[in-house]
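Participant: Now for the letters of each chain:
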Amino acid sequence: MKFIIAVIKPFKLDEVREALGGIGVAGMTVTEVKGFGRQKGQTEIYRGAEYSTNMLPKVKLEIAVADDLAGQAVETIQQTASTEAIGDGKIFVFDLASATRIRTGETGETAL
Amino acid sequence: MKFIIAVIKPFKLDEVREALGGIGVAGMTVTEVKGFGRQKGQTEIYRGAEYSTNMLPKVKLEIAVADDLAGQAVETIQQTASTEAIGDGKIFVFDLASATRIRTGETGETAL
Amino acid sequence: MKFIIAVIKPFKLDEVREALGGIGVAGMTVTEVKGFGRQKGQTEIYRGAEYSTNMLPKVKLEIAVADDLAGQAVETIQQTASTEAIGDGKIFVFDLASATRIRTGETGETAL
Amino acid sequence: MKRSLHRIAPLALAGLVLAEPALAQEAAPAAAEAVGGGTAYIFNTLLFLIGGFLVMWMAAGFAMLEAGLVRSKNVSVQCLKNIGLYAIAGLMFWVIGYSIAYPGFEGGYFGIANFPYAMQGVGEADTGTGYSVASDWFFQMVFCATTASIVSGTVAERVKLVPFFVFVTILTGFIYPVIVSWEWGAGWLDAMGFSDFAGSTLVHSTGGWAALMGALIIGPRLGRYAKDGKMAVFPGSSIPLATLGTFILWLGWFGFNGASQLAMGTVGDVSDVSKIFVNTNMAACAGVVVAIIFTQLRYGKADTTMALNGALAGLVAITAEPLTPNVGMAIIIGGIGGALPVIFVPILDKLKIDDVVGAIPVHLMAGIWGTLAVPLTNTEVPFVAQITGVAATGIFVSIVSALVWFALKATIGLRPSEAEEMAGLDLGETGIEAYPEFTRTT
Amino acid sequence: MKRSLHRIAPLALAGLVLAEPALAQEAAPAAAEAVGGGTAYIFNTLLFLIGGFLVMWMAAGFAMLEAGLVRSKNVSVQCLKNIGLYAIAGLMFWVIGYSIAYPGFEGGYFGIANFPYAMQGVGEADTGTGYSVASDWFFQMVFCATTASIVSGTVAERVKLVPFFVFVTILTGFIYPVIVSWEWGAGWLDAMGFSDFAGSTLVHSTGGWAALMGALIIGPRLGRYAKDGKMAVFPGSSIPLATLGTFILWLGWFGFNGASQLAMGTVGDVSDVSKIFVNTNMAACAGVVVAIIFTQLRYGKADTTMALNGALAGLVAITAEPLTPNVGMAIIIGGIGGALPVIFVPILDKLKIDDVVGAIPVHLMAGIWGTLAVPLTNTEVPFVAQITGVAATGIFVSIVSALVWFALKATIGLRPSEAEEMAGLDLGETGIEAYPEFTRTT
Amino acid sequence: MKRSLHRIAPLALAGLVLAEPALAQEAAPAAAEAVGGGTAYIFNTLLFLIGGFLVMWMAAGFAMLEAGLVRSKNVSVQCLKNIGLYAIAGLMFWVIGYSIAYPGFEGGYFGIANFPYAMQGVGEADTGTGYSVASDWFFQMVFCATTASIVSGTVAERVKLVPFFVFVTILTGFIYPVIVSWEWGAGWLDAMGFSDFAGSTLVHSTGGWAALMGALIIGPRLGRYAKDGKMAVFPGSSIPLATLGTFILWLGWFGFNGASQLAMGTVGDVSDVSKIFVNTNMAACAGVVVAIIFTQLRYGKADTTMALNGALAGLVAITAEPLTPNVGMAIIIGGIGGALPVIFVPILDKLKIDDVVGAIPVHLMAGIWGTLAVPLTNTEVPFVAQITGVAATGIFVSIVSALVWFALKATIGLRPSEAEEMAGLDLGETGIEAYPEFTRTT
Ligand SMILES: Nc1ncnc2c1ncn2[C@@H]1O[C@H](COP(=O)(O)OP(=O)(O)O)[C@@H](O)[C@H]1O
Ligand SMILES: Nc1ncnc2c1ncn2[C@@H]1O[C@H](COP(=O)(O)OP(=O)(O)O)[C@@H](O)[C@H]1O
Ligand SMILES: Nc1ncnc2c1ncn2[C@@H]1O[C@H](COP(=O)(O)OP(=O)(O)O)[C@@H](O)[C@H]1O
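Residue numbers (the numbering used here), protein chains in the order written: chain A, 1 to 112; chain B, 1001 to 1112; chain C, 2001 to 2112; chain D, 3001 to 3442; chain E, 4001 to 4442; chain F, 5001 to 5442.
Here chain A stands alone, though its shape is the one from the complex (with noise of 0.2 Å):
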């Protein structure tokens, strides 16, 4: 099994989302994160003091596969996720050495 960490921009979690139900994918568990990188962020005023927010926000998605769904995964997520534009994100992939699902006990690829 693979575990996938993907970050994307956040007006980007419906379409990930509903294009990773459509190859099977069953669950993920998405969390709110300030992404730092290439990307800067806008030089914004506050009170006419200039600052620039280098942290910007993104959502971070964690998927458990099995391992051979995980190249699929990982494509449809850069496809959705793209906009070509700096500040994408990333995707990382895990070996992932054991799952279990919590309600049943059940493990390993019939756990996700």
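Take the hints with a grain of salt, since some may be wrong.
Straight line, CA to CA, 30 Å or less: simulated DSS-like cross-link-like pairs of lysine-lysine [unchecked claim]: (1) 5350(F) <-> 40(A); (2) 2034(C) <-> 4230(E); (3) 2(A) <-> 1040(B); (4) 40(A) <-> 5352(F); (5) 2040(C) <-> 4350(E); (6) 4352(E) <-> 2040(C); (7) 1040(B) <-> 3409(D); (8) 3227(D) <-> 1040(B); (9) 3227(D) <-> 3352(D); (10) 40(A) <-> 5301(F); (11) 2034(C) <-> 1040(B); (12) 4227(E) <-> 2040(C).
Since the hints were made in silico from the structure, they are not lab data. None of the values given here were measured: they were computed from a predicted structure.
Use these hints to put chains B, C, D, E and F with the ligands onto chain A, whose structure you have.
Facilitator: Just chains B, C, D, E and F with the ligands, lined up with the frame of chain A:
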């Protein structure tokens, strides 16, 4: 060392934390997340418009443990967090390459 | 590639980010979390009732780095984030199987 | 019912302390009830001042209601729009608005008299009118601002600051004053016998029509109505602020309706003000209860935001005639008002008219209802005059508003870029996040 | 002290402009101080109107205070309860409440007169009473709503909407009016010499007893008191809203106490109103300072929520007699009031009585204290009457409230399911989250 | 302009109902305008009461404004400071403040008369003064509290509770009363012809100087100004609360300026109050519009917080003379006021003076501007007196405030530990988090 990510129902947090304390888990890191899975959100009415909230509030625990404690930790979480109702959550286990305690610079299992 | 998860004290965030920038870490993702560990929360009084908050606010950094930068990154975080007081946090390192830049579809170290 | 100086003329200071100023009363009062001319002048003025500050406070009510019902990424802009529109209304109503609203004609359509409006000098009293003209002006000005507040709620979250403020400038300097001149300014509607005590039509429907045109021409918020017919729900960011806003408005309405009696220098007038307080309050109570019961029965849950809308719709409905109904009738009028948002909010959504705070059902529809209901309790008012007033207001305000909105669209543009709208107007338009420290789900 | 029409009778319009209406004053005033009957009528009515809208505004204060002190998952329901209870109080007090409260008896226990209550006709003045009866009714109605507001805070976060609203219906239509009839309605307590100027007992303790019965019968919030004796702390979701609510209540209290003078048509009366303003303000100031000092000394930190409670307890304490104390005594009475929440909040918790906002110490205990303190400054009031009034109110309100709560528990049920309570009432009862966009720690 | 009893002396009850009380008016009014002495007494007293409760409400405005502009980790303490300072001001102004402010001298520098101040007895009227002294005292007391509120905003987020409250005790019991005695108390500035109608200098600049000294002596918030010259921005936690606070202050200002007419017992006086309402409102409107236009032009975005500051600066500017300007001049005075925060906020930051809410530009600078502008519209006021008043106030308040701040620093200390400040004052000082449930970015 193993690294456990568990997604549970928010109101189970205290119970799980206590149970883990009981088996010797020294610490953990907790994040508010939104979960998406088999469990469907309620259909809500807002100003006469129906909508379903399929992102449900969950709590994510991240716990680094020594290898020999990992199995017991997973089991403890699974048993404590289970309500046998859909949406109870998942437990994922990863291999942890290294751990460092920032305060002292200690590494390995003593850092946990 | 390595994936570093660091849990630090919130007010150390800016310092750590700058230090990491100094050694060439290009980006990171930041989450507000609550930590539970050796450090005990203050005993608080609310309307005459004592209670202790043992969940303390922390900040979690997630940083993907090339293998050769990993050691230096961990060291930098550890040194910058340390206050030598209890609750300074932890650094966890994982093997990262793959990384993709969403904007371009690039993979591997160039994606970071 | 006129609201111009003429309206008060009979109350002007008589030459005698013991003169009888209360012509409205049937029987001549005993000498014991007489109130001296100077004293009546002070009471009348005081009524305007108290009413005025209460209605001014409604600006805060709209600000909080709207800040509570928009998404957090647009809250700072909404706050700015609300304080800005009040300021613009104040300036415009002085520069030109009042002069159009009270042109001194009888039965006319448009006129302008002495602008900008001059107040009296220091220490001078306007004994010819029976109250201080500055107090009257202040009371009239805050009504003008109310009209603009109504618009900002409907078109929230998607119209840029500058075109919005330009629209407000024209609304408060021209559109609203013209409508006022037709009735309170002794124009043609007044001549027909049209009656709108405190402005269900003049204020609330005027604001409502302008808002409706805005909603149609600006279009709905991005992503609100999907092509497949599905509708996205954008819940308001803070229900307690919306609740606070509603309570503020309710409080302010005692000034809005009560001081629209325009006089309290006689025992009869102050008694009527009291009756108006009661009726205003009871109509709002009924609106709340009806909205709660309706949503509870229809959806199995009582919708907090509908209860708030219900209170306001009850208030708008009673505004056209808060004096002649007995308490039972006030409850009925307000209760029917309270049902209107429950019924029309979903219908507007079906028509893809995106009204962020429900201002169209609350101000436009309940305003029409209240205006048409006047003859039920005030038999002197011809129903046909009410219909005419409602229609004429609708036609004039809609056409002029639409022209202005279109002109703005064609020139400086009404909406921010999609990316800016998606990111929230706060970032692009004011640069100030409303709640910068709170983690938000997007 | 009666508060019925009779109370004002001496102030009714005399047949002469220059008549002496200020019987309360020791010495006969010079002619220069005389105020004409019509003028006095307007002043008296105006006092009720201003007092009335200030007390109406307290409904917003309770709403904000409670919205700030409950957890965010219950905030929308709390807002809905507050606006709903005000609306129900308005309707019920008209249908039947006022008729029970002022039955026209002398020294009785229960009566009903002319219901539903009819206001005067348009343009008519109630010259027999010396003020507009509609203004009086309005002023009385908002007191009724206040009583209900007190209950909603204590039983927050765990009682369902429908049974809560049913309770409010009975409280405002029956329980509170009966209590009022005993004193202000010229009933048996009034005949004994019991004195409760603006309602420390009649309003605040009545609400407090009803709340206490609710807390006992409904039980504490889930998880609040663990079996092992440990107590969970559920901090309020928004301290600034709680602060705002307290300031609103403080402001409203000037109307609550000040207008309870019931007349300002003489120089003596308006001077008394002024004195009441000062005493009311100073009692609250003292309450705040005492609560801050107490918590600072006891816990090493000054508890913001206790300072807020302290202000309110000071206000409740002075309410039974805000006129006769000199400023020093007002400070003492308010200051002792302010100590009560600091002392009793932890005691209630030990008794596992879960009072979410501290309404029992603030309204019930400070109300009792204030009532018993009346003879300290008003020597005409017999202490035994005060004790009797406190006890009789406690017994009647507690018994009837308990019966109603039990009946509701046995029939439609009082509490939502455990899962619903855990998820927050907002989801199950109104479907509207208060702060849908903010990430929350659960 | 004196504000003592002497100021009203000509209005005191004449021996005759039909006497002419309106000396301020040029021509003798017709008998019809006459207002009886008792009636005038009631009106004057009522003006103080209404003005008083409106100004009291400003305490809530400051609380909300400041709660909205500090970071969320300091909000509970800010709320506590605001309710605490109002309470302390009330107590201190009674114990000693009023006695210093109105010592009964003519042209003096310092005096004390009859303390603590006694109100009139029950049912007694102060017919010698023409209004109830308790109502006047109440109105004066809330001004005293306003002065303290100004300070709390500037020094927010870094000063401990106890030293802050000690400072407030001295400010409200000594510093402010001395300044008041110089002008309103008929002291030396009044003798010079200095004029400050409602307190641009006496209230707002006094608060502003005390705040400035605080900012300098306490120092900026940790991390605000880096050594390398870079400045950290600490955005306010809730823009809607800041907006609400501003609207509350705006509302309260009608009482602040309007009731500073000190009388409405004649047709001339009530007309002047009306004119003051209009001018006050228009100055604020202009302040808002100027701030919006300025920030829009300068930064390409209209800054919401600057619009709020602009409203307040416009209000402060007109406060020194809200009566004599015509509307056009009121707009100019307020508009220039509105520009001051836009200009001076960045300058203060360059000087590393950390003023959290912008109270120094708003209250101090606009206060000075308003005071100096008086002679523009009130030709009887000598410019040199205005300069003298501004300077004398600045010198006295700055020196005494600085001494107090230094003394506190040297003894109990002003600031919490760095760790405590970093964690937020809420945790260390009150133990109550303002928004405990919301996840926050730190
Ligand atoms: N090395 C990294 N480790 C973890 N997250 C990263 C890393 N680099 C970037 N990110 C995340 O990806 C987001 C986008 O990265 P950025 O460099 O701004 O743009 P792009 O991905 O288009 O090159 C960042 O905001 C951050 O959340
Ligand atoms: N594939 C997945 N990857 C990551 N998180 C998941 C995945 N599937 C489910 N989750 C998380 O687990 C939660 C519960 O899953 P769900 O399918 O609703 O119920 P159950 O675990 O009882 O089958 C989800 O809300 C989500 O947070
Ligand atoms: N086993 C663990 N797994 C995951 N996170 C942990 C673990 N132990 C501690 N942490 C995180 O590290 C933080 C600091 O740990 P703590 O034990 O309090 O202090 P220290 O790291 O100085 O020994 C905790 O608040 C928690 O967020």
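Participant: Does the structure keep residue 4227(E) and residue 2040(C) at a Cα separation of 30 Å or less?
Facilitator: holds, 24 Å
Participant: For the pair supplied as a hint, residue 40(A) and residue 5301(F), is the alpha-carbon distance within the 30 Å limit?
Facilitator: Roughly 19 Å separates the two Cα atoms, so the pair holds.
Participant: Hinted pair, alpha-carbon criterion (30 Å max): residue 2040(C), residue 4350(E). Please report holds or violated.
Facilitator: Distance ~26 Å between residue 2040(C) and residue 4350(E) Cα, so the pair holds.
Participant: When you check the alpha-carbon spacing of residue 1040(B) and residue 3409(D), does it fall within 30 Å?
Facilitator: The hint is violated at about 42 Å.
Participant: If you draw a straight line from the CA of residue 2034(C) to the CA of residue 4230(E), is it 30 Å or shorter?
Facilitator: Holds, at about 23 Å.
Participant: Holds or violated: residue 2034(C) and residue 1040(B), Cα atoms, limit 30 Å.
Facilitator: Distance of about 27 Å is within 30 Å: holds.
Participant: What's the verdict on residue 5350(F) and residue 40(A), does the C-alpha distance respect the 30 Å limit or exceed it?
Facilitator: holds, 25 Å
Participant: Would you check the hint for residue 3227(D) and residue 3352(D), treating anything up to 30 Å between C-alpha atoms as holding?
Facilitator: This hinted pair holds, its Cα atoms lying about 11 Å apart.
Participant: Is the hinted pair residue 2(A) and residue 1040(B) satisfied, with a Cα-Cα distance of at most 30 Å?
Facilitator: Roughly 24 Å between the alpha carbons, so the hint for residue 2(A) and residue 1040(B) holds.
Participant: Check whether the Cα positions of residue 40(A) and residue 5352(F) lie no farther apart than 30 Å.
Facilitator: holds, 27 Å
Participant: Run the distance test for residue 4352(E) versus residue 2040(C): straight-line Cα separation, threshold 30 Å.
Facilitator: Distance of about 27 Å is within 30 Å: holds.
Participant: Is it true that the CA of residue 3227(D) sits at most 30 Å from the CA of residue 1040(B)?
Facilitator: holds, 24 Å
Of the hints listed earlier, the one the structure fails to meet is number 7.
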